[in-house]
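Could you use the hints to bring the two separately framed chains together as a complex?
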Amino acid sequence: MGLFAGCGDQHPSPRFALNKKTLELDKIAREPIVKALQENFGEPNRLIAWQKFPFDYGVADPKAADASRHEAGWRLKEGRELYMRHCLHCHGVSGDGDGPTARFLNPRPRDYRAGVFKFTSTLSGLKPSHDDLKRTLQNGIPGTTMPSFIVLEKGPGNEENLDLIVDYVRWLSARGELELKLVSELAAMGGRKSEIEQRVAEGKKGESSDTLESIMADLKKSIADGFADALQESASDLADSWARVEQPESVVRPKVKRTRPDQESIKRGRAIFLSKEAKCADCHGPAGLGNGSLTEDFWDIPNTNPVQKYKRPGLHDAWGEPQMPRNLTSGVYRGGRRPVDLYRRVFAGIKGTQMPAFGTVLNDAQIWDVVNYAMSLPFHGEQSPYPEEAPEAAPAKKVASSQH
Amino acid sequence: MRKAWSLFFLAAAVVAVAACWAAPGMHWWFPQKSPGGHAVSPLGNQIDDLFYLILVITSVTFIGTQAMLAFVLWKYEAAPGRRSAFTHGSHSLEVIWSVVPAGIMLFIALYQMDVWARYRIQSRFDPYAFEHPIAEVTARQFEWRIRYPAPGKTLQAKPQPDDLYTVNDFHIPLGRPVMFQLRSDDVLHSFFLPHHRVKQDAVPGMTIPVWFESTQTGEFELVCAELCGWGHYKMRGQITAQREEEFQEYLKKLSQSQFDDGVLAANAAGAQQAPAGEEKP
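Chains as they are written, first to last, in the working numbering: chain G, 1 to 404; chain C, 1001 to 1281.
So here's chain C without its partners, still in its complex pose (with noise of 0.2 Å):
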């Protein structure tokens, strides 16, 4: 009964490997919209394959450890008539045990720094991108404001008179690199895009540069991912990845909704030389 036990705990590290093993096959670990679960960004899938590369790394750990945990139980068991015996340690086995984990780690640590650089180091962003921001993205409780420059001209960090203005639903083109300024207008937000697999903090009185690539066209889940008062969970807006053409006439009907002034087309003719003042039609 008492060997049921060693049995126990293996069984239970045994379900857990086989739930990572199967993980990736099932699309538990990232939500879906490509074909595969791949992310839809350059990017986010180097960002996954270091997700996969740390995750098989802390499989092997973890199936040894237990299985070492697994014998010793099953092994020295207690039993009548044997008594303890005592040891003072292994320098040797204290030295492996430190050295192996620190020269993983290193690696982890040398190995990303180019996916966190292209993600994070200015220097690195493309050029074009960088100079042109699409965007400037303003989080606030509870909503994400997005204002763009007008057509054809570039985003200045004071609002213009022509700035085109939505809420909840940014437009991005598709198959570049594009970088959007973050800002937050009160308290913590984070600007998560799961299926691009971005996320950054926007911190009030700070505009963080963002840049993220879209692969492919559709709409895509904008969340924010800090908890950031009792409205956080309907803090949520749309992405909207489109061609370049799309986008550029998405841009330009945005401009003639906001400057719409109203009259109505059958009016506008002839419109001008009506006296002022005269009866509503």
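Next up, chain G with everything else stripped away, as it sits in the complex (with noise of 0.2 Å):
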């Protein structure tokens, strides 16, 4: 009988976890993130939708058959269930990326709260566009442990499923990114524990007129005083930047047709790829193998003081993870095969990672040889197909079938 002592209600209901550097935060300085976010995101069972996010948490829908549309907010509570389902044994109830099975992973599941998002088809810097993570829920990642789930989709009454865990999944990536601005705005209070320790010592040495006391009731001002508004306009700006991908001018769109790939754009196309401008091969390696002189440096770890070098060597990504250029003969596309997918990652770069954007050095022509080039590499220098020149579909061949 003991064995079944665990089950029932006894389960604690879920919760969002703080990030890590919010416990770097002395308990007065956290007192307001904590409340800030409850206020406004509140808990896996008792959501908030907080308007001032452009996210379309659904509109109360009296007439609906489905009871649960009665009520406003229920594109959010439908999406956490999705979520919950489908996404958080990797990605975390909080999104944070460490979810359970998400230690057996590599690469590891995406931290959303970081607001960065790799695969995207807006300019660089910017937030995913609602499309594009919906791709990325359609088609999967190849090359990682990302699946597709174009199956939650399909049957009567399923159509919006995707959309519902996009917007749940932007909720979670403004939530975490909110509490991540917040978390500097305090530090810059000074509200660091490591901070108040080293300052309350150099008052006991003498070397200030600092106090344990002084310095909390200094804190204590500055977060009366600015928290608010830095509440406000954290969270505005984070706003704006969702809501300013959905405008077609955010998107990346070639204005120039792919050039033919022919044999002439593809040489043109290695020559900008071997160039001294362009680095690419820097990175990926003189046949695109990805195993450029790059990967082989140690790096810096960013925002470190002193500054510390990774363990390994190679290029890192935003999360800190060790991340290896593209082999580009593999024929794995992470981000999409589509022609204009592969202009997006020259022309925008990869948020998040080590490709940088050359939108700016290098015109539409010449992303288009090195499009090219990129995909003519596994087939050994064959060229790809050119839509115009696609081959018409085969008629319908009518088939004698002798066997039954």
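FYI, nobody ran anything at the bench for these hints, they're computed from the structure. Incorrect hints may appear among the rest.
In silico DSSO-like pairs for lysine-lysine, Cα to Cα no more than 30 Å straight-line [as the list claims (entries may be wrong)]:
| # | chain 1 | residue 1 | chain 2 | residue 2 |
| --- | --- | --- | --- | --- |
| 1 | G | K27 | G | K221 |
| 2 | C | K1199 | G | K154 |
| 3 | G | K118 | C | K1199 |
These figures come from a predicted structure and were not determined experimentally.
Below you can see the structure in the form of structure tokens.
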């Protein structure tokens, strides 16, 4: 009987975990952040739809056949149900990329809280659009452990499922990123534990007039004076950045049609790839194998003082994970294999990684040459097809089947 | 009271038989999609026939042995004063119950051979389907990746520049046998189409030709039938059976979207002449 003692309604209700960086703050500095998150986002079982953000939380529809839609915020709730069932075990309750299976996966599942997503159609430095995230859900990310979830939107009544998940993920990301922004605000107000300890020690040595009481009084005053504004400003900035990417001008669109991928274009692309200006080969290697010279250097960890270096040689991404420049000969395209996908990777770079944006360095024709070269690499220089010259569909063959 | 036990065991057997008897009519055996719960492929219907044949044979055997068991329980129940009789067995009975089941097994083994051969023996595959596999399906933790040859071309073992790719979304033409090559990227998976009664393991390192034919348009489930890891449950796809013209149209659209260069149609005309590096519209 003891076996069943743990079951039933004794499960602790799920909670959004605090970021490690929040835990580096002193208790007094942590409090307003916890309170702001509680008041504006709630907990998984008590979601709060903050109208500041441009997400569609679901307008109450009293006439809907589905009773769950009678209340406002139903989209957020349904998104949560789907997220909890399909995404949580890798991406975690709070979207920190640290669910129960995450430790077995390479590469690690995305931590949404940085607000950075790699495969987007948007300009350099911008968030992904709703459709970008949906595309990732539909196609999965080949070469990683992110599978395709396209089946979730099949069948009557399921058409919107992926949109619901995307909106919940964007909301989670906004929550996590706001937390990080507030942490840096409070760190600037002197709320870090380590900093307070250091100042107290200096005060004791007589190097300054600080005492624990005076420091805390200052911190409390700064919070009382500045936190409310900081919260509103940070949230507004975030909301703007998510709203902005839905504007057509945020989307990277080639102005020039793709150059015919003939041997001339491939040759030009190769020259750019190897050139000193574009430096593609520094990371991707002269043969595109992803083994350029920069992958053998030891790199500095950003924002460390004194400067520390990563223990492993090679590039690292914004999440501090080792990052391999893509082996272009493998024919695996994480962000999609359409020519426009490759164009966007070159034009706007890959967010959160060392792949820079070349949109200001190369013109459209040059980018298309590089794309044509990259697309020819898995096939030893053979050209990829050009849409207008794609062969016509074969006439349907009538087959004599003698077997039955 | 003691007799009640023989009745109890008899009742259990009767319930089991009744449930089996009712099952086909209630559509308990097979997934539903077509009227009558039939398989949506010709070979699938033959497999169902085999299933029912074996069900009948095992039911008759089951009813016989259960009736005998209940009879023995009833008649030879322990009673005060009765003494057990010991026997060293009956040679002729043992021969009978060895030879009869062996004969039945042999019959099943021979009778099913044709269906098995049609499903598995490559020389029995439809020659056109065998020469023209419609796709390569690669199982991977936890999804099905599909590679079609470009419209009008034949699938090659190695990826080609104009191949078309989808994931978890497998379209097939209707009304003719279609064959695909099944592979696995990582561990054992099993390609399972419940409505078509197709099940084939995907084995790492092997390329396995699998054929089937759909007799009904529509969407059908594709699932993994081999526990392949923690995400096994989410390894689901969808098969869409379409008329030949619609299938060819689908491939053409797929090709167009896969080689999309993202230039807006409105900007396409005259865009060639636009000086590079010009401001975005």
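Verification of the supplied hints:
1. Restraint check for G/K27 and G/K221: satisfied, since their Cα atoms lie roughly 15 Å apart, inside the 30 Å limit.
2. In summary, the hint linking C/K1199 to G/K154 is supported, as the alpha carbons are separated by about 22 Å, within the 30 Å threshold.
3. Distance hint between G/K118 and C/K1199 is unfulfilled; the C-alpha atoms sit about 37 Å from each other, more than 30 Å.
Hint violations for this structure: number 3 only, all remaining hints satisfied.
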